[in-house]
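**Q** Could you build the full structure based on these sequences and the hints that come with them?
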Amino acid sequence: MDIRRRVGLNTRKFREERDLSQEELAFESGIHRTYISGVERGVRNPTVTVLQRIAKALKVPVAALLDESGRK
10 MDIRRRVGLN
20 TRKFREERDL
30 SQEELAFESG
40 IHRTYISGVE
50 RGVRNPTVTV
60 LQRIAKALKV
70 PVAALLDESG
80 RK
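Numbering (the working numbering), first residue to last: 10 to 81.
Source of the hints: derived by calculation from the structure; they are not laboratory data. Since the structure is predicted, the reported quantities are computational estimates derived from the model, not experimental observations. Where a beta carbon is used, it is the ideal one built from N, C-alpha and C, also for glycine.
Just the calculated beta-carbon pair ranges, DEER-fashion: (1) Glu25 with Val52: 18 to 24 Å; (2) Glu32 with Ser78: 24 to 30 Å; (3) Ser78 with Gly39: 25 to 31 Å; (4) Gly47 with Val71: 14 to 20 Å; (5) His41 with Ser78: 25 to 31 Å.
**A** What follows is the structure, given as C-alpha cells:
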C-alpha cells in the first residue's frame with residue numbers, strides 16, 4: 010500500500026478513536042482542516058514536521074502513523 014494512503018488510514022483511525030472531527034484535529038495540531046482531509050485521503054504528502062504535529066495532537070507516537078499493521 011502507498012505510504013500516503015497508510016498514513017491517511019492511520020490518521021483517520023486514531024482521530025476517530027479519540028472521537029475528534031477533522032476540524033478539532035486541525036485546531037489541536039495547528040494544521041488547516043482541508044490539509045488534514047488531504048492527509049486522510051492519501052493525496053497529501055506530509056512532511057515529518059506535519060506528521061509530528063498530527064501525532065502529538067492524536068497523542069500517539071509518530072511511528073504509529075506509519076505502521077502498516079494499523080496498531081498503536
